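Just so you know, the protein sequences line up as chains A and B, in that order. In terms of my numbering, the first sequence opens at residue 1 and continues consecutively. In terms of my numbering, the second sequence opens at residue 1 and continues consecutively.
For the record, the hints were derived by calculation from the structure and aren't laboratory data. Incorrect hints may have been included.
Label-pair restraints from in silico Cβ distances [as the list claims (entries may be wrong)]: (1) A/Asp297 / B/Pro152: 46 to 54 Å; (2) B/Val31 / A/Leu29: 38 to 46 Å; (3) A/Gly235 / B/Thr173: 20 to 28 Å.
Result set (SDA-like, lysine to any residue): computed pairs, CA atoms no more than 20 Å apart in a straight line [as the list claims (entries may be wrong)]: (4) A/Lys23 / B/Thr22; (5) B/Lys103 / A/Ala360; (6) A/Lys310 / B/Glu73; (7) A/Lys84 / A/Ile118.
Taking beta-carbon pairs under 10 Å as the criterion, some of the chain A residues facing chain B (in silico) [said to hold, decoys possible]: (8) Ile35; (9) Ala37; (10) Val42; (11) Leu49; (12) Ala224; (13) Tyr226; (14) Leu228; (15) Pro289; (16) Arg301; (17) Asn304.
Just so we're clear, the structure is a prediction, and the values are computed from it rather than from any experiment. Just so you know, even glycine gets a beta-carbon here, dropped at the ideal spot from N, CA and C.
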Amino acid sequence: MPAIRVAALPSRLVNLVEDLRRKEDRLALLLSLVIGALVGLVVVAFILLTGRLAALIYPAGGAGWRRVLTPTLGALLSGYLLFKYFPLARGSGIPQTRAALFIHDGRISLRSVVGKFICCGISLASGIPLGREGPAVYIGSGLASAIAQRLGLTRVQVRSLIPVGGAAALSAAFNTPIAAILFSLEEIIGDLHAPVLGSVVIASATAWMVLHRVLGDSPLFHVAPYHLVSAGELGVYVVLGIVGGLTSVAFVKLLLWLRAQFARMPRASLWIQPVAGGLTVGILGFFVPQVLGVGYDQVERVLNGDVILKVVVVLAVLKIIATSVAYASGNAGGIFGPSLFIGSMIGATVGAVAHLVFPASTAGPGAYALVGMGAAFAGIVRTPLTSVIMIFELTRDYTIIVPLMISNLIAFYISQKLQKVPIYEALAHQDGLHLPTRVGAQLGVQRVSSAIREAPPSFSPDTTIGEAAERVKDSSLESWPVADELGLVGMVRTRHIESAMKKGRDDMTIARLMQVARKSDGARYRELPHVHNDQPLSRALARMGDTGHNVLPVVSRANARIMLGVVTLTDILKAYGVERAEELDYTDHPDL
Amino acid sequence: MKTPVIPAPPTPAASISEFIATFAVILAAVVGLVLFDTALARIDSRERKVSAAREFAAGEQLVAEGKNDQAIEHLRSASTLDGENTRYATALADAVLADGRPKDAELLLVPLLERNGTDGAANLTMARVLVKEGKIAEAKSYYHRAIYELWPRGAEDNRTTARFELIDLLASTDARQELLAELLPIQDDSTNSLAQRKRIAHLFVVAGSPSRAVTIFRDVLRHDAKDADAYIGLAEAALSLGDFATAKADLVAAQKLSPQDSSSIQARISVTDSVIALDPTQRGLSLGEQYRRSRYLVQLTLASVRKCLGTQAPDVAAALNSAGASLVASAAAASQSQSIDQTLLLAEQLWALRRGRCAAERPDGALALVQNRITQ
């Protein structure tokens with residue numbers, strides 16, 4: 001990039017830029033807008049170019065051999081480019097984006113972004129049945145990262161722009177700005193309360209506006225409004241949730257298994273492996289042309305009730321096979337789009353059967369196709385919130401939300417039970433990456449409940465020091481609960497009791513001792529130090545540090561004077577798998 | 001005391017010149033991409049529209065040949081390729097409706113009307129769909145919208161088509177008041193053809209306003225005194241008005257003007273003759289003849305009621321027995337004129353009973369025409 005001489009610039013501009021560089025929030029705002037616009041335009045160009053290329057490759061009324069040859073050649077070309085020049089552009093793009101975020105400090109090279117653009121363009125235009133959304137997320141995040149690196153932003157700033165670019169890309173690729181925000185937070189970052197929320201929202205909205213400016217105001221699918229015909233129909237949506245969940249699991253397992261098989265092949269065959277996917281797709285496409293490409297036209301037809309039972313069943317099965325082989329063999333493209341296709345066909349199948357059996361009390365199959373899309377997405381991608389909002393945004397139909405939520409949650413639950421590791425995480429594992437996950441993070445948080453122990457007998461405020469000293473002398477407990485007839489009133493330290501005993505204050509009451517302790521503790525004194533069962537152990541540790549008590553009562557959230565048990569420092573350390581230094585056994589240490 | 005120092009946030013490592021250069025490049029890229037994307041989108045849109053038009057033409061051709069199932073494929077492609085063109089979507093809904101799938105057609109039309117409720121064609125198709133589904137009240141509403149909303153081309157013709165479809169629907173559902181309300185605005189429309197005027201006049205008879213029909217038919221005859229249809233229409237109106245003699249005269253005149261339709265006109269003349277022979281209220285009849293005809297009328301009405309209701313229902317059986325007894329009792333009544341009045345009242349009551357419980361008798365049947373005359 002040519003350097004600009006600062007002296008040649010107007011001083012106001014220099015001051016403005018200086019000011020901008022100093023103020024982090026203003027810079028973040030500006031970058032969100034810029035990234036939103038740029039990514040939106042790049043993704044729109046990606047969609048249009050892929051579409052134009054596909055139209056050229058597959059002219060109307062083209063011969064059948066074209067459908068076999070084109071995906072095979074497309075896979076060969078993109079496979080070679082991926083192997084030789086852009087190894088990081090393989091696959092969907094979501095796991096790679098997360099890897100960049102969590103492992104590489106948000107760094108994505110511009111080269112891999114260009115590679116993703118070119119290889120996915122070739123792959124998708126040639127009819128490989130993978131989605132454009134995952135690659136778009138990678139391209140968007142990559143552009144954001146490249147800009148941030150070029151500006152010399154800090155590691156934290158570069159990382160924070162990854163979800164910003166991802167959201168902008170998804171917003172433009174799918175025409176779903178809210179779902180894009182949620183997906184960025186739910187899947188990419190894994191935290192719905194991430195501090196980058198504002199930037200993500202701005203970028204998503206900007207990209208969406210760009211999309212509308214260029215392509216007009218039209219949803220991805222024009223769908224007839226559906227509604228519940230009868231309350232009993234909810235039962236059919238439950239069945240759809242189950243079928244959607246099971247299908248999702250089958251798809252994910254097949255894809256992962258196939259990918260593992262391809263991974264076992266010699267590394268030298270990496271460039272030719274995508275051809276296996278291309279050829280499989282070509283052969284299937286020869287007999288059933290609808291298998292080729294992402295198939296959104298077919299989805300729209302099904303959503304509008306153009307359903308022939310046999311056709312949708314065949315399409316669902318063939319798409320699962322074609323997508324699994326194409327992805328597993330290393331073609332560039334995502335599983336976002338295919339999961340919607342599979343879901344709509346599964347939904348249409350369930351809907352068509354239900355409508356055949358209960359014509360008067362069920363809606364047409366189109367309604368089920370719509371809900372099926374969400375169910376499959378929730379089951380495969382495992383972002384239930386995103387999937388509900390996404391279907392709503394895709395169709396702009398609010399009436400289907402309740403059945404959608406029911407089916408989604410059932411599919412999500414079944415998928416979670418039968419396929420423990422979510423697909424993007426499993427794909428990363430296959431690549432040797434162990435990325436933090438939302439679920440993992442939640443499971444990783446240890447709660448106070450995991451270290452709670454039964455409370456020792458409480459002292460009454462009227463107990464004398466003499467009596468108390470007798471009880472504490474054989475115990476290692478460093479603090480003791482004090483309770484009256486209404487419940488817990490505080491904690492008293494063993495060392496304070498022992499100290500008072502040494503000073504001959506046998507007749508002093510515990511209540512009086514606590515008053516003395518209040519004075520001696522000063523600012524550290526807390527009226528009733530406690531923790532709750534559901535709080536993280538880290539909070540208990542912090543509370544112990546604040547109050548100086550190594551034992552804290554665990555109390556009810558409804559009434560803090562009801563003691564459920566106690567938690568001790570030793571128990572917390574044990575729960576974390578750490579023993580206290582004095583309890584460690586060094587006898588086997590080679591240096592001793 | 002030492003004042004705590006808050007560390008300043010780190011400034012970007014790039015120099016100001018690099019910073020400005022980066023943003024300049026991004027700006028240039030954005031401008032370039034806007035131009036590139038817009039051009040590409042235009043080309044894409046144009047080609048999609050061309051393809052959609054081709055598919056639409058093929059679909060229309062197949063519709064004209066009655067191959068609706070094949071036409072639907074093409075029209076659906078047209079609609080998918082150019083989703084903004086409501087004409088394609090409406091044509092698709094029309095074809096789906098013609099294929100006997102009104103529910104599916106409705107699903108296609110609802111989003112269309114949500115996007116643009118003023119689309120006359122979509123409203124007309126929706127009205128047709130609702131008629132097929134038996135939702136008459138809703139259909140009427142959509143017909144009204146089709147009449148008063150926007151038509152990008154052929155507005156007058158399309159509105160007339162919609163209005164006449166609505167009129168036919170109202171006539172077939174015996175909604176006389178609404179029918180009259182629809183007919184009145186177009187009664188004096190100068191753009192109506194002769195055939196349309198005669199049709200309107202006929203519908204006035206159906207709507208229970210035969211005098212308006214007479215005016216129109218006479219006007220038609222003023223322009224063409226040899227219009228046999230106008231004479232038949234006049235006869236129809238005269239029958240409705242209870243002027244049976246005039247009706248017969250008009251029918252005879254029509255028969256003379258249109259000998260090729262002689263048999264159908266003759267059938268009408270026969271009915272008119274039956275009516276004339278049955279009508280007890282005709283002028284110039286002796287009391288005895290009036291009495292005989294009124295009793296015969298009751299017997300015919302009773303037979304018609306029995307035929308349609310049977311005597312299974314106890315309340316109906318009781319009513320019919322009571323009617324039979326009245327007929328015997330009236331024979332022994334004091335004066336013949338009193339007896340005629342009572343008999344006619346009984347006939348009227350029986351007819352009302354029949355009307356409430358049975359399917360409508362043919363309106364141009366002799367019994368119905370005489371009963372209609374009595375109730376006037």
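Now the hints, each set against the structure:
no., hint, verdict
1, A/Asp297 / B/Pro152: 46 to 54 Å, "violated (27 Å)"
2, B/Val31 / A/Leu29: 38 to 46 Å, "violated (21 Å)"
3, A/Gly235 / B/Thr173: 20 to 28 Å, "violated (38 Å)"
4, A/Lys23 / B/Thr22, "holds (18 Å)"
5, B/Lys103 / A/Ala360, "holds (12 Å)"
6, A/Lys310 / B/Glu73, "holds (17 Å)"
7, A/Lys84 / A/Ile118, "holds (13 Å)"
8, Ile35, "holds (9 Å)"
9, Ala37, "holds (6 Å)"
10, Val42, "holds (7 Å)"
11, Leu49, "holds (7 Å)"
12, Ala224, "holds (4 Å)"
13, Tyr226, "holds (8 Å)"
14, Leu228, "violated (15 Å)"
15, Pro289, "violated (13 Å)"
16, Arg301, "holds (7 Å)"
17, Asn304, "holds (7 Å)"
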